[in-house]
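Just need the whole structure built from these sequences, with the hints factored in.
Protein chains in written order, with our numbering: chain G, 1 to 179; chain B, 1 to 544.
Be careful, since some hints might not be right.
[Unchecked claim] In silico BS3-like links for lysine-lysine, alpha-carbon gap of 27 angstroms or less: (1) B:395 / G:69; (2) B:269 / G:69; (3) G:163 / B:395; (4) G:92 / B:337; (5) G:92 / B:395; (6) G:173 / G:163.
The hints are simulated quantities; they were obtained by calculation from the structure and are not laboratory data. Please read all numbers here as calculations on a predicted model, not as lab measurements.
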Amino acid sequence: MHSKKYAIFPFLLLIPFFLFAQQDKMNVSGNQALPDVEIRNLDGVAFNTHNISNNGAPVIICFWATYCKPCIKELSIISDLYDDWRQETGVKIVAISIDDSKTIANVLPFVNGKGWEYEFYTDVNGDFKRAMNVNVIPHTFILNSKSEIVWQHLSFAEGDELKYIEIVRILLKDKMNPK
Amino acid sequence: MLKYIFICFTVIFYFSIFKIYAQQFNTSLIRGDFQSEIQYYFDDSIIGTPDIKEKALMNAYLNIIYSNGHFNAGFRFETYQGPLSGYDTRYKGSGIPYRFLTYTCSFMELTVGNFYEQFGSGMLLRTYEDRNLGIDNSIDGVRIKTVPFKGITLKGLWGTQRFFWNHGTGIIRAIDGEFSLNEVFSKFNESKIKILAGASFVSKYQEDIDPVYILPENVAAMGGRLKLTYNKLSLSGEYAYKYNDPSVENGFIYKPGQALLINTTYSRKGLGIILATKRTDNMSFRSDRNALGNVLNINYLPSLSKEQTYSFASMYPIATQANGEAGIQGQIFYNIKKKSKIGGKYGANVTLAYDRTNSIKIHKLPDSTFMGYESGFFDIGKDVYFEATTVEISKKFSSTFSSIFSFVNIIYNQEVLLGHTGEPDIYAKVAVADLTWRIDDKNTVKCELQHLSTKQDKGNWASALVEYSIAPKWFFSAGDQFNYGNKLKDKKIHYYSAGVGFIYDASRFMLTYGRNREGRICTGGVCRNIPAYSGFGLSIISSF
Numbered sequence: 001m002h003s004k005k006y007a008i009f010p011f012l013l014l015i016p017f018f019l020f021a022q023q024d025k026m027n028v029s030g031n032q033a034l035p036d037v038e039i040r041n042l043d044g045v046a047f048n049t050h051n052i053s054n055n056g057a058p059v060i061i062c063f064w065a066t067y068c069k070p071c072i073k074e075l076s077i078i079s080d081l082y083d084d085w086r087q088e089t090g091v092k093i094v095a096i097s098i099d100d101s102k103t104i105a106n107v108l109p110f111v112n113g114k115g116w117e118y119e120f121y122t123d124v125n126g127d128f129k130r131a132m133n134v135n136v137i138p139h140t141f142i143l144n145s146k147s148e149i150v151w152q153h154l155s156f157a158e159g160d161e162l163k164y165i166e167i168v169r170i171l172l173k174d175k176m177n178p179k
Numbered sequence: 001m002l003k004y005i006f007i008c009f010t011v012i013f014y015f016s017i018f019k020i021y022a023q024q025f026n027t028s029l030i031r032g033d034f035q036s037e038i039q040y041y042f043d044d045s046i047i048g049t050p051d052i053k054e055k056a057l058m059n060a061y062l063n064i065i066y067s068n069g070h071f072n073a074g075f076r077f078e079t080y081q082g083p084l085s086g087y088d089t090r091y092k093g094s095g096i097p098y099r100f101l102t103y104t105c106s107f108m109e110l111t112v113g114n115f116y117e118q119f120g121s122g123m124l125l126r127t128y129e130d131r132n133l134g135i136d137n138s139i140d141g142v143r144i145k146t147v148p149f150k151g152i153t154l155k156g157l158w159g160t161q162r163f164f165w166n167h168g169t170g171i172i173r174a175i176d177g178e179f180s181l182n183e184v185f186s187k188f189n190e191s192k193i194k195i196l197a198g199a200s201f202v203s204k205y206q207e208d209i210d211p212v213y214i215l216p217e218n219v220a221a222m223g224g225r226l227k228l229t230y231n232k233l234s235l236s237g238e239y240a241y242k243y244n245d246p247s248v249e250n251g252f253i254y255k256p257g258q259a260l261l262i263n264t265t266y267s268r269k270g271l272g273i274i275l276a277t278k279r280t281d282n283m284s285f286r287s288d289r290n291a292l293g294n295v296l297n298i299n300y301l302p303s304l305s306k307e308q309t310y311s312f313a314s315m316y317p318i319a320t321q322a323n324g325e326a327g328i329q330g331q332i333f334y335n336i337k338k339k340s341k342i343g344g345k346y347g348a349n350v351t352l353a354y355d356r357t358n359s360i361k362i363h364k365l366p367d368s369t370f371m372g373y374e375s376g377f378f379d380i381g382k383d384v385y386f387e388a389t390t391v392e393i394s395k396k397f398s399s400t401f402s403s404i405f406s407f408v409n410i411i412y413n414q415e416v417l418l419g420h421t422g423e424p425d426i427y428a429k430v431a432v433a434d435l436t437w438r439i440d441d442k443n444t445v446k447c448e449l450q451h452l453s454t455k456q457d458k459g460n461w462a463s464a465l466v467e468y469s470i471a472p473k474w475f476f477s478a479g480d481q482f483n484y485g486n487k488l489k490d491k492k493i494h495y496y497s498a499g500v501g502f503i504y505d506a507s508r509f510m511l512t513y514g515r516n517r518e519g520r521i522c523t524g525g526v527c528r529n530i531p532a533y534s535g536f537g538l539s540i541i542s543s544f
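Okay, here's the thing in structure tokens:
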């Protein structure tokens, strides 16, 4: 009885794969605006996430923490390429630290010690993280020229950064040749 | 369990259809995320696994957030069938323990339902969710945030805390105000000195039904904080005071509690320095005086220690001693420039860290006073709870080969931190070599070698882990942790493991197999014990 009842189960398991397959198509026009959440800059001053933008150029948002090894790898690898990326595409990296009150004081010395030159914010209460449905870090989002989310990616392995810049180039191409 | 997996996938299915339709009309936005951790357990007498009758257990979480104009609403469905081994069994069941509605306008944000909040560093109030630790102490009630003038933020909240599938009996009332001098006064806008000040007041109510003691039903706590920044230098401090709050945790003493946390940082491009100190004394603050463990905490007392990321370096993690501890921490982050003599073509990064936590010096008072003990604010005890010295060097040798070398020296007071009465302190040295070889643009091999040496506890360990990734979708791993230095011959155990992961944009599927050693995971001084287990694991995480 039970085995018959659950015979449909393997097919149900496939549903998310179909749904996620839909997601893989990057939505260049975007349809997800950034949520309206308060985070802070490294001086502790409040900043609304709705204001994240880059003068019409794409933005890459990286959720990270000072204790997250793959996040540090991601930001370090991009750091080596960032000047070239900026020159070619004008893309901006916005790094959102989800360090909690134990490690939040480390963020400014840590990023300076690494020599990273991104735009940094802290999300110590996790409001932005929750609003963006971030479960694990690193979690990376790419925004189009209207600051709408067009693509997101979980985890980081070396080589992922090439996918990021490939998407940024597609966004720029689409902006120059709108359909 | 199948029933609940069925429910989860059905919800995702209908959610996705609804999302497509809602967004077509462009009037609203729906976001969501799903996480499921499934573990199939084997009996493994060699590592001493507990008997798990269900054989397979699952934790799963589904978040949905709906936004429309000024309104945001959301809920989280959770199911624990039953809770994974090591999680509190009181989580067993399914339901929606988290739901909220928020209205936001230009001067105010109103939330009804569940919410997470933090005042300052959290020493007076912090509610948060940490699934790894099995913590969710969200408040269910009402919260108002307002910005009456630019640079001034006021918050007020009222509610009860989540207690597994119910609520704690205590009621929390709290207010917080924060003032940014540079934003309030325009003439300070461009000032090099930046001043941020804040103050909080938190009160809890719990009925006194104790037949013996006269317990305070209303307990107040208050605190202030200040952050000064001048150019590259920053100084921040926070002080918290709690009135008498007899509880199971402090042995029902009527002594007030207090805590102080000071951070000083200096940083410029290529260099970051941090010095921190803290002291806590009888500062456990819960909405239920009878609660123990990771439940119903109103405040959060962060430990002062470097967050270790390698498995052996985090084998002996510190747990905050809410009843009293004093700590110091110093860290230096230094970037050796590219094309310099020492840095070579690619430069290097160096991290040095030292942290130490001691007991506080106390003078016991007679039981008749009900005050427990007295302790001078600057009196530090002789007992070392935890000490760690860390040296870490990250160096890229070529465009395809990079490395991280780490050495950590640890002193760990297991009698206090683990409750192992009569056991000696653990002196451990951990060495790590983390080597990464990038074969081409997509293929990378990573090899992580670790060694832990100690004469105490279970003796020496060695481990090797190899990971192969094909960006941006696949990764494979295989590893072994070998307790070769265990004094007991039958405990010289191999903890082998293997895994494969598939990443599809914002979704990750991971299948693992192997043995996991008994241990304790901690984040920020808050810990969860994990029994040894062996078997298959399936992890699914997705944001949509």
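(request) Would you pick out the hints that fail for this structure and give their numbers low to high? (result) Of the numbered hints, all hold.
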